[in-house]
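Following the hints, put chain B in place on chain A, whose structure we already have.
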Amino acid sequence: MWTLIKREIDDCRVFFVAGVAHAVFVILVLISSLSGGLNIGAGAGPLFLLVGMLLFCGMGAGQMYMDRTRGISCFLSTLSVTRGAIFTARVITGVLLILVTLVPMAAGGVIVLKVVLQPIPAYQTMFLDIARTVFLLSLACYSLGLLTGWAPGRVIPTLGGATLTFILMPIVIIKGFGVETAAILVLLTVAALLRSRQHFVSTSF
Amino acid sequence: MSDIAIEVRDLVKYYGGRCVLDGINLKIHRGCIYGLLGRNGIGKTTLIRILLGQEPASRGRTFVLGTESMQLGARQRGCIGYVAEGHHLLQHYRVGPLVQLCRKLSRQWNQSFFDKLNETFRLPMDRRVRELSTGMRAQLNLALAMAIEPEVLILDDPTLGLDTVARRQFLELAIDVIQREGRTILFSSHILSDVERIADRIGVLAGGKLVVDCSLEELKQRIRKMQIVFADRPPDDLPLTGIIRQQRSGNEMVITVANWNAAKRAMVDTFGPRHVAEIPMTLEDLFIECTNPVRMATGI
Chain A
39 MWTLIKREID
49 DCRVFFVAGV
59 AHAVFVILVL
69 ISSLSGGLNI
79 GAGAGPLFLL
89 VGMLLFCGMG
99 AGQMYMDRTR
109 GISCFLSTLS
119 VTRGAIFTAR
129 VITGVLLILV
139 TLVPMAAGGV
149 IVLKVVLQPI
159 PAYQTMFLDI
169 ARTVFLLSLA
179 CYSLGLLTGW
189 APGRVIPTLG
199 GATLTFILMP
209 IVIIKGFGVE
219 TAAILVLLTV
229 AALLRSRQHF
239 VSTSF
Chain B
2 MSDIAIEVRD
12 LVKYYGGRCV
22 LDGINLKIHR
32 GCIYGLLGRN
42 GIGKTTLIRI
52 LLGQEPASRG
62 RTFVLGTESM
72 QLGARQRGCI
82 GYVAEGHHLL
92 QHYRVGPLVQ
102 LCRKLSRQWN
112 QSFFDKLNET
122 FRLPMDRRVR
132 ELSTGMRAQL
142 NLALAMAIEP
152 EVLILDDPTL
162 GLDTVARRQF
172 LELAIDVIQR
182 EGRTILFSSH
192 ILSDVERIAD
202 RIGVLAGGKL
212 VVDCSLEELK
222 QRIRKMQIVF
232 ADRPPDDLPL
242 TGIIRQQRSG
252 NEMVITVANW
262 NAAKRAMVDT
272 FGPRHVAEIP
282 MTLEDLFIEC
292 TNPVRMATGI
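Those protein sequences? They're chains A and B, same order as listed.
Residue numbering for the first sequence follows the working numbering, starting at 39 and increasing by one per position.
Residue numbering for the second sequence follows the working numbering, starting at 2 and increasing by one per position.
Hints listed in this document are in silico derivations from the structure and should not be mistaken for laboratory results.
Do not rely on the hints blindly, as some may be mistaken.
Stated by the list, open to error - Here's a subset of chain B near chain A, in silico, CB distances under 7 Å, partners left out:
| no. | residue |
| --- | --- |
| 1 | A75 |
| 2 | R78 |
| 3 | G79 |
| 4 | Y83 |
| 5 | L91 |
| 6 | R95 |
| 7 | Q101 |
| 8 | R108 |
| 9 | N252 |
| 10 | M268 |
We treat Cβ as the ideally placed atom computed from N, Cα and C, and that holds for glycine.
Pulled out of the complex, with its shape left as it was, chain A reads as follows (with noise of 0.2 Å):
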């Protein structure tokens, strides 16, 4: 399995790094706004989630267009390999991507919340709440990435999960970080992963 993990970490490097990048840029400009020397407007939470949750959708769209475009499942599935297992890889390489990204940030606010701001009970609640949602989010739209990804030709794995994880964004600035939203997700998620599997198993490649 660990080798079935590095091949598609080598494979999505780049979604790595991009993750990466975006995790200092926002602690950056968090640290920054923080520090006075910057002053970013109330659309810019919003905008950086958007940014991260296309990061995400890309990566799961990604991954399936260079599988099928390429024909790596194909090859593996003829090694010691069954499309179950290079599907666990795919989507543990995924759920990586998402920690890369989210845990720096998570770190930041951690900080943010210890050493800025007063040591008020609600805003550590608070933050647990958006962490959630967030990591949730993005695992939605992750798993509509894997799901538009594996369709046939070029416009829905490209444009179909952008569509989606626009559609997706409004419900968590609608409902809010609360649980109603987790268990939404949680069901989208599920129900993406599921249906992609079975997809990417059973038909012919």
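For chain B alone, coordinates are given in the frame of chain A:
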């Protein structure tokens, strides 16, 4: 352990409403080199892909090493070497890393055998797969498939794109592999002389059916091409069953007939031929006769 390496039972496959494979039944025993022949688009690759579980059958069942194709797990897949038509390797990989990847993902890997093959093929380890010529890609694919020491080796037109020397090397290697105990090869090819050289059993797909499934010797016994010279004009019709093809030229008639026997010879003799002789047939001749549409009515 079963003696049968590959089994196909009543296999039917439809593509967009068109029946590509129509009730195929096939058993390939362990240690057999089976040559699968058929014209382009007749379903050879489809049959192989169904065997490997890469495509579902519309009806029927297929088994490789006793396991149903769609249920092949990692362990069983590790016992099957596959060289695909067109050599679908990871084109963006360099040869060295691709070899390493295959080694890590294989159930077993015979490095010394791979090195031996590499010595023969002289594969450039630092070049990307997409930069290799078709012949080199075929050699790489073959080396990777053979290094895993497969119990079953499935070769889908593997010599396509190889020059004469590389093709000869490949055939010798295939024989080398089969000589290791218990290895089975399913070998589909358009180059009939290759099949004739290495296969000990032949299958011919035509019209969605496996019209021939026997040894080459048996096939040569079953289908005969006879030259019959008459004193005058040859008869309009010979009352023989199993005529696949008949041609007339002057007072000479050439017939290709299935299941030639003494009774058929006696029937020909009643027309008082001046001379009856058998024309030797190569596998290519047999293949052309077997895939001839008239064959359908003769029932070889």
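* Where does the structure disagree with the numbered hints, that is, which hint numbers, in rising order? -> Violated hints (numbers, rising): 6, 7, 9, 10; every other hint is consistent with the structure.
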